[in-house]
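Student: Protein chains in written order, with my numbering: chain A, 28 to 389; chain B, 12 to 277; chain C, 6 to 296.
Heads up, some of the hints might be wrong.
Here are the simulated lysine-lysine pairs, DSS-like style, with alpha carbons at most 30 Å apart [said to hold, decoys possible]: (1) K130(A) x K273(B); (2) K159(A) x K144(A); (3) K113(B) x K130(A); (4) K136(A) x K193(B); (5) K113(B) x K159(A).
No lab work stands behind these hints: they were computed from the structure.
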Amino acid sequence: MTEPFLQIRGLRKDYGIVTAVSDVNITVERGEFMTFLGPSGSGKSTTLYILAGFENPTAGDILLNGESLISTPSHKRNIGMVFQRYTLFPHLSVGENIAFPLKVRRWGKAAIDAKVKQMLGLVRLEGFEDRKPAQMSGGQQQRVALARALAYDPPVLLMDEPLSALDKKLREEIQHEIRRIHQETEVTILYVTHDQEEALRLSDRIAVFSKGVIDQIGTGPELYANPSNRFVASFIGDSDFVTCKIISMRDGRAALSIGSGPVIHGVPVHGKNVEGGMAALMLRPERLSLSRAAVGEGAFGLSAKVTDITFLGSNIHVAALAPSGETLSVRLPFGHEAAAGLSRGDTIFLGFDPESAHVFCG
Amino acid sequence: MLLNFERLGAWKWILLVITGLTAAFLILPILFIAALSFGSSQWLIFPPPSWTLQWYTAFFADPRWLEAAWTSFRIAVMVTVLSVLIGLVASFGLVRGRFIGKEALRALFLTPMILPVVVLAVALYAFFLRIGLNGTTTGFVIAHLVVALPFSILSITNALEGFEKSIEDAAVLCGAHPLEAKIRVTLPAISHGLFSAAIFSFLTSWDEVVLAIFMASPTLQTLPVKIWTTLRQDLTPVIAAASTLLVIVTIALMLLAALVRKGLKS
Amino acid sequence: MATLTDPSGIAGTVKPRIVRQYNFAQTMPALVLILVFFVLPVFALLLRSVLEPQPGFGNYAELLGSTTYLKIFLNTFVVSALVTAVSLAIGFPVAWALAIMPSRLSSVVFAILLLSMWTNLLTRTYAWMVLLQRTGVINKSLMGLGLIDEPLPLVNNLVGVTIGMTYIMLPFIILPLYGVIRRIDPAILQAAALCGATRWQALTRILIPLAAPGMVSGALMVFVMSLGYFVTPALLGGTANMMLAELIAQFVQSLVNWGMGGAAALVLLVVTLTLYALQLRLFGPARMGGR
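Using the sequences and the accompanying hints, generate a full structural model.
Tutor: Next comes the structure, spelled out in structure tokens:
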């Protein structure tokens with residue numbers, strides 16, 4: 028059996044009485060794009076900084092190709108990193124910035140020149156060699172930072188919210204570039220972000236951080252389709268939550284009812300057994316169907332009053348108030364027949380496929 | 012309206028006249044001294060009856076003036092080097108450190124700036140009498156270092172606070188030893204702060220009068236002390252010549268500072 | 006609580022291991038210098054005021070009980086107050102003009118301000134000694150214009166000191182005030198005009214109140230610096246019109262009376278630090294400078 032490429036084992040970091048991360052375990056394959064996703068304060072950056080060697084873990088270990096990195100100082104870890112803030116060396120030109128890691132590694136001049144040229148090609152900034160960082164846009168600076176971090180062919184590249192200072196359009200453009208560069212170089216990337224869309228767009232797998240622990244690791248579709256708890260469900264994709272009553276639980280499926288509505292069977296359920304008690308039913312706005320009349324049985328059990336209708340280009344967003352006082356949102360494609368003539372105050376009936384919903388107990 | 016120059020109306024002219032007069036008030040005495048240094052009148056009559064270089068000749072012919080100038084320069088250079096070095100190291104501690112009493116320490120380092128120099132001069136004079144440092148170069152350097160250091164610490168902590176620490180971290184991750192990262196990345200990035208620390212330190216020592224009067228001995232005196240003792244006797248135009256030379260040094264340093272600032276920006 | 010734990014949220018919280026002790030050690034050379042050659046000598050001097058010639062507060066009784074010394078204190082306060090008032094009266098319009106002038110013009114004035122500030126103090130004082138003397142340009146011009154018959158006594162008295170010190174203090178009030186006025190949003194004054202305020206009302210009710218913190222803080226700074234000034238009063242004031250700093254120097258240099266010198270130094274120190282603390286209290290940390 029071969030050794031996994033990168034292993035984070037039982038990592039823990041305390042600052043005095045505050046625990047920043049605890050019991051973080053991740054195994055990353057060579058060439059994988061792994062994203063740490065979570066809100067600020069969830070411990071994702073701390074984990075990354077421990078990997079970089081800027082922080083020492085309180086407990087746990089990091090193994091690269093089976094060897095512990097913990098006692099190796101940052102400058103000997105041979106890890107690449109792109110930071111949240113612009114970190115180009117302001118007094119050096121673009122070319123000199125990319126050459127910096129090679130110079131400290133005592134490469135020959137010819138080899139450095141060739142490598143700088145190659146890296147500029149990789150990030151599509153040929154001809155920018157002599158520019159100073161101050162003469163470049165934020166997006167260009169981060170591309171140079173990427174080139175600098177990859178110039179010495181590090182086995183692992185860390186990226187700490189590298190696009191958070193850029194505007195949305197530029198961000199998407201560079202996300203594209205990062206994907207392409209990941210494919211071209213096959214470098215293993217650990218990427219930190221709080222932006223779920225960015226995580227979904229870029230990653231092979233996502234580790235969702237919350238309050239210092241990893242809630243779930245999986246591919247984007249896995250996390251979306253099978254969130255393991257309420258936090259993951261609300262963080263990946265949009266979601267509505269409705270209080271429901273659990274009637275029975277068996278084999279990971281629940282039968283439940285909402286308010287005085289009919290019993291709905293076969294909803295995937297997570298958490299401890301609370302038969303007879305209350306739980307949160309999670310629905311995806313785009314998987315809800317909307318009807319103007321209470322037709323049929325079962326499926327259209329939930330009635331609500333329209334409070335707002337928003338046109339968002341390809342989508343129409345309908346906000347509705349359930350009798351329980353909970354607000355639900357429904358997303359319909361533009362031109363959907365159910366939306367025609369809909370106005371504020373109308374009563375609507377919502378239905379869903381039990382397979383697309385989840386119940387979180389406790 | 013009041014903060015729009017073009018729409019101030021008549022007030023604009025009042026402000027301009029006051030500003031013009033103030034500028035004249037500030038610059039004319041200096042120009043006046045410069046002019047008198049070339050005037051032939053021993054009694055500093057203005058306008059001078061005729062023009063001459065005799066006061067400059069007298070200045071350069073007198074070894075005591077030259078020696079004083081050389082002493083001033085020597086001391087100022089030593090103060091500059093020490094002040095920037097000690098200030099640099101201390102600034103790293105003050106900006107990057109997280110220890111108890113850090114802010115109090117910073118305040119302590121800056122107090123020599125607000126304390127009346129005459130108090131420090133008298134206190135140091137008494138202390139140096141005891142340990143035999145009065146009238147020595149070491150004594151001069153220490154005294155001037157105490158008042159120059161706050162300027163260094165202010166300039167360098169300012170620059171270091173404006174420097175993004177991640178840039179140094181990036182250099183370390185690129186493979187540079189933390190010390191190499193500081194020397195090759197952080198120092199060039201805060202060079203404007205180091206430079207103004209150097210200029211301020213140099214000028215502080217070079218122009219310093221009060222401490223110098225107390226530290227000086229008949230065999231060791233700086234240019235300001237020499238001017239001071241001469242002034243107490245008479246207003247000889249040689250002082251005008253010496254003063255003009257001092258002004259030229261100041262202007263040269265100011266231009267240098269402006270040039271370097273411009274060079275650093277581009 | 007959440008942001009406490011995320012290094013990406015706060016600049017510079019990411020620290021490698023042993024840093025704390027190491028960072029503190031970095032401040033040691035400066036700390037030793039300041040403690041040994043600043044704190045210790047000053048305390049030693051102040052101590053002598055209650056120990057010499059014999060332990061007790063005799064020096065203070067003598068200092069505060071004698072009309073000669075009280076006159077010196079009075080001189081010091083009056084001159085400092087005058088210098089502060091005149092500097093403020095001239096400094097405010099100049100700072101105001103600088104804040105709104107086209108930059109071509111203001112950069113010339115700035116160059117003059119900086120040159121004046123950095124010109125050797127003795128040079129500047131010397132210039133005024135020459136200008137103000139009996140046969141100096143100013144007396145000659147005034148006589149030439151027929152405004153006076155006899156030369157005015159402008160030097161070796163407090164008039165000379167006030168002129169010379171104002172000359173030195175002006176940049177110290179103009180520069181910070183400029184900063185304060187510069188930060189006032191012009192839209193506020195446009196709003197005042199739209200509300201119906203005349204220029205005079207806008208000046209007295211909006212601009213001056215907005216600039217007031219800067220004026221008070223600059224004035225305090227100039228006042229404190231003036232209190233401890235030595236060179237200019239010594240050269241322009243003459244022996245009959247001594248100020249506090251000269252008194253301290255004289256006790257030590259001519260009279261070799263360390264007890265009285267220490268006592269006078271303490272008086273100056275207490276007043277200076279009290280005013281500085283007031284300034285900190287009112288406006289937070291500000292830069293001060295003095296010689």
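Student: Does each hint fit the structure? Answer for all of them.
Tutor: Hints versus structure:
no.	hint	in the structure
1	K130(A) x K273(B)	holds (29 Å)
2	K159(A) x K144(A)	holds (16 Å)
3	K113(B) x K130(A)	violated (37 Å)
4	K136(A) x K193(B)	holds (23 Å)
5	K113(B) x K159(A)	violated (36 Å)
Hint check: violations occur at hints 3, 5; the rest are consistent with the structure.
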